[in-house]
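Each residue of the sequence shown is one higher than the last, beginning at 1 in the UniProt record's numbering.
Among the hints, a few may not be true.
As the list claims (entries may be wrong) - Per label pair, the in silico range of CB-to-CB distance:
id, residue 1, residue 2, range
1, Leu255, Gln103, 20 to 28 Å
2, Phe123, Ala263, 54 to 62 Å
3, Gly39, Ala180, 34 to 42 Å
4, Leu253, Ala180, 17 to 25 Å
5, Gly259, Leu81, 30 to 38 Å
6, Ala105, Ser242, 47 to 55 Å
7, Val303, Gly26, 43 to 51 Å
8, Ser288, Gly133, 57 to 65 Å
9, Ala47, Tyr140, 31 to 39 Å
10, Ala234, Gly259, 46 to 54 Å
11, Thr267, Arg230, 23 to 31 Å
12, Leu184, Ala235, 19 to 27 Å
Derived from the structure by calculation, the hints contain no laboratory data.
Beta carbons are placed, not taken as given, at the ideal position from N, Cα and C, and that holds for glycine.
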Amino acid sequence: MTRHRPLPALLRAQLYHHLAAMEKAGLPPDRAYALLDLGAAGRERVAAFRKLAARRNDPAAAGLASGLFTVFEARLVRAALAAGSPLATFQRLADFHATRAQQLATLRSRMVLPVAIMAIALFVQPLPALVSGALSAGGYLWRVLAPLLVLGGAALLAARAFAWFGSGSETSARAGIEDALLALPVFGPMHLRRNMRDFVDSLALLLEAGLPLFDALPEALATVENRIVRADLAAMEPALKSGATLAQAIAALRLPDTGQLHALVLTGEQSGTLPAMLRRHAAGESESINRFQLDMMAWLPRVFYALVALWMAVAILGSSVSTVVPS
Numbered sequence: 001m002t003r004h005r006p007l008p009a010l011l012r013a014q015l016y017h018h019l020a021a022m023e024k025a026g027l028p029p030d031r032a033y034a035l036l037d038l039g040a041a042g043r044e045r046v047a048a049f050r051k052l053a054a055r056r057n058d059p060a061a062a063g064l065a066s067g068l069f070t071v072f073e074a075r076l077v078r079a080a081l082a083a084g085s086p087l088a089t090f091q092r093l094a095d096f097h098a099t100r101a102q103q104l105a106t107l108r109s110r111m112v113l114p115v116a117i118m119a120i121a122l123f124v125q126p127l128p129a130l131v132s133g134a135l136s137a138g139g140y141l142w143r144v145l146a147p148l149l150v151l152g153g154a155a156l157l158a159a160r161a162f163a164w165f166g167s168g169s170e171t172s173a174r175a176g177i178e179d180a181l182l183a184l185p186v187f188g189p190m191h192l193r194r195n196m197r198d199f200v201d202s203l204a205l206l207l208e209a210g211l212p213l214f215d216a217l218p219e220a221l222a223t224v225e226n227r228i229v230r231a232d233l234a235a236m237e238p239a240l241k242s243g244a245t246l247a248q249a250i251a252a253l254r255l256p257d258t259g260q261l262h263a264l265v266l267t268g269e270q271s272g273t274l275p276a277m278l279r280r281h282a283a284g285e286s287e288s289i290n291r292f293q294l295d296m297m298a299w300l301p302r303v304f305y306a307l308v309a310l311w312m313a314v315a316i317l318g319s320s321v322s323t324v325v326p327s
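Turn these sequences into a full structure, and let the hints guide you.
The following block contains the structure:
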C-alpha cells in the first residue's frame, strides 16, 4: 500500500471536526463524506476517500488508502466502528489535532526571535575579518551561508523523518526507532504513557459499547502505535484466557508505572464501573501529556537561546585568541 505523508495538523483537525459533526447530526456516511471539503490541499485525497468508501464500505481502510488517515488513526476509527459509533473517536482526534496545530503555531511564533538573533549573529560574527581584509567577500558569504544551509537541511530532514514516522510505515528501521524512543530520558516515559493512554481509552470505548473483554482487547491493542508496547500488552490475552481478571493481568505486565491503572481497574471490576474507571485514567493521562507538551513548547526557545549564546561566546573567544600575536 502506498504511504502518504500525513496532512497538516490543522487540516486533520478540520477533517475530524467535520466527521464528528456529521456523525452527531445523524447523517448517513455517504452524505457526510459528500460534504467533506478540505480545500485544495486535501481535494485529491477526499475524492479518493469517497470512491473507496463507497466501493468497500470500510471507512477506516478507505481513509488509510486515500491518505486521509494515518495507520494509527485508521486503527482507532476501526475500533470505534466495531464499538458502534465513531463519534467519540472523531471528537478525540479533532481535539488532539487542534491542540497540536495550536502548539505548533505557538512554537513557530516563539522561535522567530531566537532564529532572527542567530541569523544576525551569523552575519555579524565574520564582519571584523572582512573589514580587516583577512576574509574575502566570497569567504564572508560562505561563512554566513554554510551554517544556514546545514541548519536548513537538518530541519528539512527532521520534518520528513517526523512525517514518515507519523505515517505509520512498518519497517525494521521504525522498530529500532520505537525501541530508542522508549529508552530516552524524559521523552521515553512520556512516549510510553501516550501509547498506554491510547490503549486504555480505546478499551474503555469498546467496553462501553457492550463488547466483551475478550473481543475488545484485540481491537484496543491494534490502536497502540509502538509495536514494543503493543507486544508487551498482548501478554494480557493468554492471562485473561487462563482465568485472570484484567487487574491481575495488568499487575503482571513488565511495563513500568502501571500502579495507578491497576488500582482503577481493580476498583472498576469490583464496582461494575470498569469502562468509567478506564476513561478516568485516560483523561488524566491526556491532561498530563498535554502539560508536558506545553512545557516543551516553552523550554525549546530557551534552549535555542542558550545554544546561540554559547556559539557566539565560543566564536568571540576564538577570534580573540587568533588575533594574539606572540612577541
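I'd like to know which numbered hints this structure contradicts. Please list them from smallest to largest.
9 and 10
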